[in-house]
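S.K.: What follows is the residue order along each chain.
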Amino acid sequence: GAGVSQSPSNKVTEKGKDVELRCDPISGHTALYWYRQSLGQGLEFLIYFQGNSAPDKSGLPSDRFSAERTGGSVSTLTIQRTQQEDSAVYLCASSPRRQGAHEQFFGPGTRLTVL
Amino acid sequence: DQQVKQNSPSLSVQEGRISILNCDYTNSMFDYFLWYKKYPAEGPTFLISISSIKDKNEDGRFTVFLNKSAKHLSLHIVPSQPGDSAVYFCAARPRGADGLTFGKGTHLIIQP
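Order-wise, the sequence lines are chains Y and F.
Each position in the first sequence, counted from 1, maps to that position plus 101 in the numbering used here.
Each position in the second sequence, counted from 1, maps to that position plus 71 in the numbering used here.
These aren't lab readings, by the way, just hints derived from the structure by calculation.
Treat the hints with care, since some could be wrong.
A partial selection of chain F residues facing chain Y, derived with a Cβ cut-off under 7 Å [to be verified]:
| no. | residue |
| --- | --- |
| 1 | 102 |
| 2 | 103 |
| 3 | 110 |
| 4 | 114 |
| 5 | 154 |
| 6 | 166 |
| 7 | 169 |
| 8 | 170 |
| 9 | 173 |
| 10 | 174 |
Computed from a predicted structure; not experimentally measured.
Heads up, the beta-carbon is just placed ideally off N, CA and C, and yes, glycines get one too.
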C-alpha cells in the first residue's frame with residue numbers, strides 16, 4: 102500500500118516569493134498533520150486537520166503560513182513572502198485516528214531552501 | 072522552552088550490545104509518548120509508544136520505560152544491530168491535543 106507522499110521533494114525559492122507544498126495522505130486516514138524540522142532541531146508542529154472539523158492552527162508561526170485540505174484528502178501548505186528562516190524540511194503525516202492508534206505516519210518531507 | 076529534551080545528540084554502541092536512548096520532559100499534561108526512527112532523506116518511522124498510565128511497553132527488541140515521577144523515558148534496543156543506526160526522536164502528546172511535541176533527536180551509531 103502507498104504511504105504518505107509529498108511533493109516536491111526539494112524546493113529552492115527566492116526570498117519574498119510564495120511556495121506551495123503538497124501532501125497526499127494514506128488513503129482512509131482522517132487525520133493529517135504538518136510539521137517542520139529546521140536544521141539541528143526537532144520536529145515542530147504546525148497544523149492539524151481532522152475530518153470536516155476546523156483545523157488546529159495553533160502551531161503556525163505567522164500569518165504568512167496557511168494550509169487547506171480539500172475533500173478530506175490532499176493538503177496544501179502555503180507560505181507567502183518566504184523568508185530565509187522558513188528554510189526547513191516540511192513533513193506531512195497522517196493517522197487513522199481509530200481508538201488507541203496514536204501513531205502518525207510520515208511522508209519523506211519537502212526540503213525548502215529560501216535564498 | 073523545550074518541553075521534550077534529548078540531551079545526547081549522539082550515541083555509539085557496539086553491535087550486539089544494548090542501546091539506551093533517554094528523553095526527559097517537563098509538561099505533566101503529556102499523556103502519550105512515542106519513539107520514532109529516522110533515516111537520512113526519509114520521514115520518521117513509528118517504533119513504539121507508551122501511555123502515561125503504564126511504565127513499560129515491549130515490542131521485540133524494543134522496550135520503552137516511563138518514569139512519571141522523574142518525567143523521564145528511555146528506549147532500550149537489545150541486541151543492537153547495524154540497521155538500527157539512525158536518528159531517534161522522542162515525542163509526546165499533550166492530553167486533549169493532537170500535535171506531537173518532539174525532542175531534537177539522538178543519532179545512534181552501531182559499531183560493527
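S.K.: It remains to establish, for every hint, whether it holds in the given structure.
M.R.: Hint by hint, here is what the structure shows:
no., hint, in the structure
1, 102, "violated (9 Å)"
2, 103, "holds (5 Å)"
3, 110, "violated (10 Å)"
4, 114, "holds (3 Å)"
5, 154, "violated (19 Å)"
6, 166, "violated (12 Å)"
7, 169, "holds (5 Å)"
8, 170, "holds (3 Å)"
9, 173, "holds (4 Å)"
10, 174, "holds (5 Å)"
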